[in-house]
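Novice: The chain contents come next:
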Amino acid sequence: MSRFLDLTLNGIANGAIYAAVALSLVLVWRATRILNFAQAGMLMLTTFIAWAVVDSGASYWIGFAVALASGLVLGALVERIVIRRVEGAPALNAVIVTIGLLVLLQALAGMIWGGNPRSFPPAFSIRGYEVGGRAVLFSPFDLFTVLVVAGLMLALTLLFARTSLGLRMRAAAFAPEVSRLLGVRVGDLYTVGWALGSVAASLAGVLVAPSVFVSPNAFDAVLVFGFTAAVIGGLESPLGALVGGLVLGLALSYVSGYGGAELVTLGALGILVAVLMIRPSGLFSRAQARRV
Amino acid sequence: MLAVDDLQTAYGPVVALDGVSFEVAPGSITAVLGANGAGKTSLLRTLSGVVRARAGRIRLDGRSIGHLPVERIVRLGIAHVPEGRGVIEELGVEDNLRLGGLWRGHGGREGLEGIYELFPRLRDRRAHAASTLSGGERQMLAIGRALMSRPRLLLLDEPSLGLAPIVAAQIMALLRDLRDRTELTVLLVEQNARAALSIADRGIVLSLGRVVADDDPSTLAADTALHHAYLGY
Amino acid sequence: MSRSLPRNAATAVAAGLALFVLTEQLSEYDNLQLATMAYYFVAVAGLTVLTGQNGQISLGHGALMGVGAYATVKIQEAVSWPLAVVLLGASLVAAIAGVLAGAAAARLRGPYLAGATLALAVGLPALATRFSGFLGGSNGLVVAPPVPPGWLGATFPLERWQAWIACLAALVVYVLLANLVRSGYGRAFRAVRDDEIAAQLSGYHVARTQVLAFVVSAACAGLAGGLLVVVTSLAAPGAFPLSLSVTLLTGVVLGGSGSLAGAAWGAAALVLVPTWADDASKALSLSSNVEANLALAIYGVVLIAVMLVAPGGIQAAVRRLVAFALRAAQPHARGPSSWAHQEEKPS
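Chains as they are written, first to last, in the numbering used here: chain F, 1 to 292; chain A, 1 to 233; chain C, 1 to 347.
To be clear, the hints were calculated from the coordinates, so they are not data collected in a lab. Keep in mind that a hint or two might mislead.
The following label-pair restraints were derived from C-beta to C-beta distances [as the list claims (entries may be wrong)]:
| no. | chain 1 | residue 1 | chain 2 | residue 2 | range |
| --- | --- | --- | --- | --- | --- |
| 1 | C | Gly238 | F | Arg127 | 28 to 36 Å |
| 2 | A | Val212 | F | Arg279 | 50 to 58 Å |
| 3 | A | Pro13 | C | Trp81 | 53 to 61 Å |
| 4 | A | Gly77 | F | Ser164 | 34 to 42 Å |
| 5 | A | Thr132 | F | Asn116 | 57 to 65 Å |
Don't be surprised by glycine CBs; every beta carbon is placed ideally from N, CA and C.
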């Protein structure tokens, strides 16, 4: 029973990270209808930058802030320079471009920092809380992870629902051509979508870095998990990303605990395929076709 | 106010506008008539910048605007209500309206009251999703949303489409009223030639991407040969 | 490109003779390079059928090569069949995996399929560590290299024999795929690629077509994996990372995403680029980190650049240049539309 509790708590903590990656994919998808496979590379890069900052002596929180800030800039740059050219093109083009970008970023990181995994400090202690004389598999750092991701979700939900920017972003997502006719600078909003998505991903990067260690390929798995979580929740809503992340986190925690840690990625694949076959638009999507 | 000179537009190999020229005087309603496929919708889309012309000039108050992106043209005072209205169903009624005025600032709330006075039905349904509106209400929403940007030139694509005659008549009366009270200039594309000509100051007939008639409404209304050839009645 | 069976066979025979002569001239190392090009061709050609002809994108074919590689080793451990039969078996195993993947794939749209195959690529190698008793863990499984038959002489170089095996397999695959592409199945692939709904209305069974394309490409990948074992004598998880799948995709894109001749160019590039990158790194005294990653960086740039500038690959780019030159001579004519033709203005 205590094992089940451990796995459940662990699943929630992991789920928060998957939710953050899922959220980044959802934000980019809503803006530009592109699945950003390069997200793994982008968040890897911002995590490396944060690592370099901390490694040079600065405090953890400076590194944390640098990760998020560089994520914002990187997302905007990638959209403007690379993605803008494939936004109206067939979906296959964007898939290939983002794959190419993923591989390029991984190669560049390998060139700069090499392939050896670097350790990354957690924000808080990773020793589990003491409950009833026993340490559970849930630590202050896990609590921080869950709270910070929940906070991000809340902030984004408020942004979309309450602000003019959020109104523009929703309009541009639902009806870009009509929005243009209303004077909405749809192109700029695409950039904002990518920038915000990249911030969410960078957050996931620093949160997961302590456990996977920082190396060019260390974040491939978390992209798979984030993608699966996004699909489970439907690519349309941040709430879906959160729920998808939690569901996946729990499911994979049980797979790992009862089946073996190596099976986790294949477990995600199984869940992904199952969801796509049964309910392709995800649990939360209203299955709206995109209009102009 | 608006001068169009030898405008040519094509979608790939399909020519939509084949040298269209006309002028629109300020504070007037100009009806653009013609059969399906004559190029009416393409004309509006070219004017608002959604589609770029292959050749020709578009001048707003003497200034050439044909090369500008859509968002810039909107800010110069042209509002385009597209075919099908373009009401964003996932958003609420008030959100749709605010969207129209956002580029002016103030969260798009300035002028909201005025629109509600013009369209009391919309005030009643301000918090509801736009998907719950009837056809006539959606047309009001689309026009109201366009008016939120305080345009000088309003481009309307088939506002009476799918509406009951009495509702269509209300829309026409509203347009005439706006012209009279606020000197709004309107370019009105309509299949319903009779209704359009009844409020217009000028009428243009398109066929196969060309202007075949450009005259005052009474002359056009009386020309039965024209009706048979190009307007379907 | 409609070529008849006799013509395809003749091309293969001619190429075979040319390769035969070539292998006599090459050093052992270069023969290994040639063998590598050959098995890359097998994989890239199969993937070209899936992606170029049928329009489906897969990031999992590196993993499918791994399936073929491990199957080859395990079969050889279990029975002592002739190599050709073993390779056929490996191909079959990968094809079965392809049926499963293809059935799922037929339900998935482009980006979703890419995501699912990405999960396959990232997750499958971990099986080797999970079942390390059977699959050898991260060190992988070793086999003895194929022995040249006695009648070739005792001093016949192993590497030339390996090159012969790989090249023969590549030629066979070429003939088979060329005929498939020009057959009714090929028409079905392309019809479904171009417009699924129209294809369905024309009587094509869309899902079955997509599964078939997937199975064919998986079988090719499996065979390529088996050939990889023939050349390197090792099946290890580290040889089949996600970047292998991306490398294969780069080969397809470089070659023009549609023709088998292009696949040959692509496969050659996949061997020559890393070699060139290594040489350039040494000549410029670049660090070992740069050297190790240069080829992949180039592939990434290629994928991005080709999609942005020439979505139809190099061959299509040449065609477009010619068309552009012709069009420039007649200012009012409208040129051919490309794969990624946009109508509206960008914002």
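Novice: Would you say the C-beta atoms of Val212(A) and Arg279(F) sit inside 50 to 58 Å of each other?
Specialist: Taking Cβ atoms as reference, Val212(A) and Arg279(F) lie about 54 Å apart, which means the hint holds.
Novice: That 34 to 42 Å hint for Gly77(A) and Ser164(F) (C-beta), does it hold up?
Specialist: 21 Å, violated
Novice: Has the hinted range 28 to 36 Å been met by the Cβ atoms of Gly238(C) and Arg127(F)?
Specialist: Because 34 Å falls inside the window, the suggested range holds.
Novice: Between Thr132(A) and Asn116(F), is the Cβ distance one that fits in 57 to 65 Å?
Specialist: Holds - the Cβ-Cβ distance for Thr132(A) and Asn116(F), about 60 Å, lies within 57 to 65 Å.
Novice: Taking the Cβ atom of Pro13(A) and the Cβ atom of Trp81(C), is their distance within the range 53 to 61 Å?
Specialist: Given a distance of about 59 Å, which is inside 53 to 61 Å, the answer is holds.
Hint check: a violation occurs at hint 4 only; the rest are consistent with the structure.
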